[in-house]
Structures are given as C-alpha cells and as structure tokens.
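Engineer: The chain contents come next:
Number of protein chains: 2
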Amino acid sequence: MKIYFSPVSPYVRKCLVVAHELDLSDRIALLPASVHPVERNQEVFAKNPLGKLPTLITDDGQVLYDSRVICEYLNHLAGGSLFPPPGPLRWTALALQSLGDGMLDAAVLARYEDAARPAPLRWDAWRAGQLDKVETSLKALDDLPERLAGVEIEIGKLAIACALWYLDLRFSDLGWRDRYPAVARWYADVSLRPSLQMKVPL
Amino acid sequence: MKIYFSPVSPYVRKCLVVAHELDLSDRIALLPASVHPVERNQEVFAKNPLGKLPTLITDDGQVLYDSRVICEYLNHLAGGSLFPPPGPLRWTALALQSLGDGMLDAAVLARYEDAARPAPLRWDAWRAGQLDKVETSLKALDDLPERLAGVEIEIGKLAIACALWYLDLRFSDLGWRDRYPAVARWYADVSLRPSLQMKVPL
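Protein sequences, first through last, are from chains A and B.
Read in my numbering, the first sequence has 68 at position 68, and its numbers run on one by one without any break.
Read in my numbering, the second sequence has 88 at position 88, and its numbers run on one by one without any break.
Bound-form chain A, shown alone (with noise of 0.2 Å):
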C-alpha cells in the first residue's frame, strides 16, 4: 500500500497510528505530499479530486479516503478491533472519532486563519469559534472521564489522541492541560503506547 503523506498532518498520522497499532506500518510505502488550501497539489489530486491527504492506494490500485474510510479498511485487513462491530460500542467509538475529528477540523481551520490567510483579512471571531469548539470539546472530555476510561484502545481514544498531539504542535500555547486535567493524565498515559509514541521525520 502506499499513503499521500505529510509529517504535520494530523489525519495522516491518525492512519499511520492505526496501522502501528494493527502491525501493518511495513507494509504503507509514504508518498511525501504536500497540500494547502489554495495552491493545488497535482498529484494529489489526480488520485483524489478533493486535493487532500491522507489518501490511500491499495495493493489492489483502489484510492482510498479520508482518514475514517482508510482507518477502517486497514482495521479489516488486519482483522483488528479498533472499530467495534455494530452495536452500542461501535456507535460510541464512531461518535468519539468523530468528536476528535471535529476538534482536529476546527483547530486546521484556526491554523489555516492564522498562517495561510493573509493578515489583513484575518477574522478574529472565527479563529475564536474554531477554537472555543475546542475548548467546549476538551471541557466534555474531562467532565466525562468514563468517555475515555478503561484499558481498550479504539478508534475513538486513537483520534482524541490525535487531535491533543495536533494541539501541541500548532497551539502549544494553549495551556490545556491546566484547564482540563483529566484529559491530561489520560493523554500522559495512552501516549505511552508505542503507536502515539511513533516518530516520523519532520
């Protein structure tokens, strides 16, 4: 398989997380990539028209994205358990990728504000509605300590994990960890595992 990728996207580090947890990372050549709003990647885009990374292509040739479609087949191929079966556990591991999925997208958007707009177009109350959702997200986590408790790793504590790493890379001003000190100790702890440990070059 191979995977468009770059070292400071969160959603491609939440697909190269997932396939260290499912023992697969030596079987996903990286296809460095770049990708920004405005200036168009070719490449990127003859696999996938929406220009974005990660996209995956299969041993088979099928180009697959986003991160929830290529995490979820590399769980099936490997026969894993990051997605549980349909039912009750699922909907609450689908639920929490996506709560993840959604900080990620708005911190990028704040991101995308803060280095890609030109300054004198920036608006502020937009970057603080990105980043207030969140501030709200981080506060339901830790009012909700149970959300994230307990020794199963899955898809959803695997894209909170990725949404935190995103934080301290982009906004490691953020202070977080003072206002929502559950999350903490449960980010300190899952970052631990070898697959949130991966480093990849930057």
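Derived from the structure by calculation, the hints contain no laboratory data.
Only a predicted model underlies this, so the values are computations on that prediction, with no experimental measurement involved.
Errors might be hidden in some of the hints.
Because identical chains share one entry, a pair is satisfied inside a single copy or across any pair of copies.
[Claimed, not checked] Pairs of lysine-lysine, DSSO-like flavour, derived with a Cα cap of 30 Å:
#1 LYS199 - LYS47
#2 LYS2 - LYS199
#3 LYS199 - LYS139
#4 LYS139 - LYS2
#5 LYS47 - LYS139
Starting from the known structure of chain A, fit chain B onto it as the hints suggest.
Structural biologist: Chain B in isolation, oriented as in the chain A frame:
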C-alpha cells in the same frame, strides 16, 4: 429519536434522506436549531460539544454525531443495505461518501466566506480554492460515470446527491450541469427517488 435540525443543513438532509430510504422518518422528531460558525447555539452545544448539526438523540438517550455515524446507526437499526458489509463494495461506498461530504465541506466553507465573514475580510483565493475542489470532484464523477451507475442505492450515492442539492441551493449560478452532463443525467434520474423528493419546511 430526535434530531437537531435545520432545513438548510446538507448534512441534516443527508440523515433525513437516509431515514426516508430506511422507512424510519416517522420515528425521528425534528428539533429545530440553527447554528453558526461564530454565534454559539447553547442548546446544541449542551449535547454536542462541537455545536454542530446534525446531532441525534437515540431512544436510549445516546447522543450521536456526525452525519456519517448517524446514517450508519440508522441503517443498522433498520437492517438496511445502504452500508455494505466489509469488503471492496463497502470501501467504494464509503470513499464515495467521503467525496460527497468533502464536496459539501468545501462548498460550506465557500458559503461561509460569502455569507458569514464580513466583506472586507473575504479572501477570493480561499473561496476559489474551495469551489475548485467541488469542480474537480464533479469532473472526476463525470469522467467515471460507472462510479454512480447501477440501480443499487448506497450511502455514497446519497451523499453525492445531497452535495448536488446543496450546490443548487447555495450556488445556483454555478452551471455545473453544462460542464458535467453525465453527472447531471444521473442526478436527474436519482432525484426521482421519493427520499430525494422530500421537502422540508424552509
């Protein structure tokens, strides 16, 4: 079940279309709500820390989001076949859903640029970049009409149909039918399904 609902949310529409396909519409109460990227809707935030529509409350009180999770849940509840079981057909359907949702994500960001952001802060290249993703997606579908062909309806096709509905709602001058006639023919045909004929109070 109850769903937080806005008649102009394409992701809510996707869930309601899926519910209609599964003959579940009568079991879902609509809770009118409007959300905005900057102005907070406290009632929705209390259930979903991302503050987004759709958000579904199941009969057991479980809170599910986003549209992908809700649609898969409804399909399972009804014993439907909109989500194929694991295998190539599932990955194809899910990647097509990602394409439809990605077209929507891009179109919604372009719409926010037009309608939510103060005029002096608009960035033409951002709007153009988002609509370009819509354009390349339409072209990919038009170049590979077999992706939409066949009589079997599944979640991917419904997601594409909902994306096209939103383009007509918010970008009625886009003129996509002239440029992508195979997609236009497919959409005219699939739109005859009762689920896609559904009108909701605007």
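Engineer: Take the hints in turn and mark each one as holding or not.
Structural biologist: Tested hints:
| no. | hint | result |
| --- | --- | --- |
| 1 | LYS199 - LYS47 | within (27 Å within a copy, 35 Å between copies) |
| 2 | LYS2 - LYS199 | within (18 Å within a copy, 43 Å between copies) |
| 3 | LYS199 - LYS139 | within (28 Å within a copy, 37 Å between copies) |
| 4 | LYS139 - LYS2 | between (37 Å within a copy, 24 Å between copies) |
| 5 | LYS47 - LYS139 | between (38 Å within a copy, 12 Å between copies) |
Violation of the numbered hints given earlier is absent; every hint is satisfied by the structure.
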